[in-house]
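Listed below are the residues making up each chain.
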Amino acid sequence: MSMQKCGLFYTTYGREDGLFPSRFQKICLALFFAVLLICPQFMNSYVMSIMNLILIAIIGAVSLNLLTGVCGQMSLGHGAFLGVGAYGAAVFSNMGAPFFLALLGGGAVSAMIGMIFGIPSLRLKGIYLAISTLAAQLILEYVFLHAGGLTGGANGLPVDAPEIMGYSFDTDSKIFYLILFVTVLCVLVVTNVIRSRPGRAFVAIRDYHQSAENVGVNLFAFKLQAFGLSSFLAGVAGGLWAHYTMYITPEQFSMGLSISYLAMIIIGGMGSVLGSIFGAIFITLLPEMLNLLTSSLSGVAPDLSAIIVPMKEGVFGLMLVLFLIFEPEGLVRKWRLTKAYWKLYPFAY
Amino acid sequence: MNGSSPLLEVQEVSLTFKNVAALSRVSCSVQKGSITSLIGPNGAGKTSMLNCISGRYTPTKGKINMSGRELSGVAAHKRTGFGLARTFQNIALFRGLSVLDNLMVGRHSRLDYGLLAAIFYLGKARAEEDRHRHRVEEIIDFLNLSPYRHQIAGHLPYGVQKKVELGRALAAEPELLLLDEPMAGMNLEETEDMARSILDINEEWGVTVFLVEHDMGVVMDLSDHVVVLDFGRVLASGTPEAIQNNPKVISAYLGDDDALYKGR
Ligand SMILES: Nc1ncnc2c1ncn2[C@@H]1O[C@H](COP(=O)(O)OP(=O)(O)OP(=O)(O)O)[C@@H](O)[C@H]1O
Ligand SMILES: [Mg+2]
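Residue numbers (the working numbering), protein chains in the order written: chain A, 1 to 349; chain B, 1001 to 1264.
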């Protein structure tokens, strides 16, 4: 993966550190975005709605991966931090704040709450930290449900579609551009952080916290920064979610959501931005694929679909276990292997 | 090297775990510009001493001064600011980072930008990365680590990892380098290479070295001054020649007077 093409030389370190070192990669990426941008012209609203869900999931997964994969701080409360951002953004939006301000506001509230629940990480590690973030999940769920004045309680909270300078993003195709823009920004933020001083400090904390301390990393400050930035971005994802679904309820941000974000980063690849993206796509598409399977089978074998539908959760769990056993480094490893293979093709050595 | 002022002064330091006295009223000093070695049998308290200096352990009693400033009460992560860096007896690298990034983390406290600048990766962050990257590349060249620059540290052979750890400590550009058994587990060639590097670091870069090492050949060759610990107490200290001929030291090494020459 650290392999570079023969004949690729760098004249400055800055160039070598660039996100996409080769021209080929730049072209591929530009093409990819061009296709994405014209998607709404061709795709129906069902496909666009899935794309929107994937984009929001990408922000959630990338931000969890920053905390858990990069910094090594296990979190079972990520779904709830999304919820904090969702409710925050919804409340700001309903008070009349412009869309982006509401989004940032939701992120800021989530960052604050995330940092508070990150304080135990100074003392707790691994499974113990996981339990304390589980507590965060349960406490926040309780707040969503019982702070009726602010969150609407069990009835939920309606939110208007985002409107910017009089233009309303009220269809799947329109809001897609908005969500895509925010997602790209969030992914860039995480990528930048990972390749610079704080990102290296996060990995240092994950890999060997004692020597991290001895090279001058303030463990407390950087763990809190990891929690803060991760839950800020989760909050932004939540804010997008609130404005996209236009109706939020506490059960949308349950334990199940936290688990599926964990599944995304495990399946995609711990500590990898690209892996988070793969994981988000995979886990968002999984139920859709199962739906497709059952509906196409319903003609042939109606009994079978009756069995598969209630098994969705089981299939989900099974996939996770299989990945942990056979591909613990996630989809991103497969991708790298494939890429390395084609780079050298046909000279396999 | 004689007559200069002590860079590090350990005064009557004691360290007690529940019922074990790891260090008892240890006093010693490291002269500026010297290579000073700390030797002693297994369990003598050498690593404990380094841990007290680097801030992992807090001495139960006593004081440690660096350049005349007291270290006690200073958090471990702030001690890089005093010019301290160290390596570990058991490799303690950041396994998931490349060699280059390990050294860049080593420079963590010298890079002057925070999370916000990193998020946008513009101006200051970019300039700082570039500037420090140059310095780190020099260290990589100096230690002959160039072939491994972009390799993940955890995948490298043991001897190379030991060197990367030295590089990481060096990247902080310390005044005082604490080395905990840098030659442990190395073959003859690697040992000589490491000894050469330590000498160069000391002579060319002017870094003071406080070395814990079991290989007596290396210790006697490199050191200006040797401190011997036994059961957490200072048994003797002096020049390598004086130590080699000290009967107390010889008997502490199990009466095997060859041990001092052969290494262990
Ligand atoms: N964290 C700790 N908790 C309890 N006892 C400890 C701890 N660290 C060290 N000790 C004890 O302190 C004594 C000195 O240990 P230390 O590791 O400093 O010895 P050393 O001289 O480095 O030995 P070696 O040559 O084997 O590395 C030993 O008896 C050890 O068991
Ligand atoms: Mg030791």
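No lab work stands behind these hints: they were computed from the structure.
Where hints are given, some of them may not hold.
If you only want the chain B side, here are some residues facing chain A, beta carbon under 10 Å, derived [said to hold, decoys possible]:
id: 1; residue: LYS1032
id: 2; residue: GLY1033
id: 3; residue: TYR1113
id: 4; residue: ILE1119
id: 5; residue: ALA1153
id: 6; residue: LEU1156
On a predicted model such as this, the values are computed, not experimentally measured, just so you know.
Beta carbons: idealized from backbone N, C-alpha and C, even for Gly.
So, going through the hints one by one against the coordinates:
no., hint, in the structure
1, LYS1032, "violated, 22 Å"
2, GLY1033, "violated, 23 Å"
3, TYR1113, "holds, 6 Å"
4, ILE1119, "holds, 5 Å"
5, ALA1153, "holds, 9 Å"
6, LEU1156, "violated, 12 Å"
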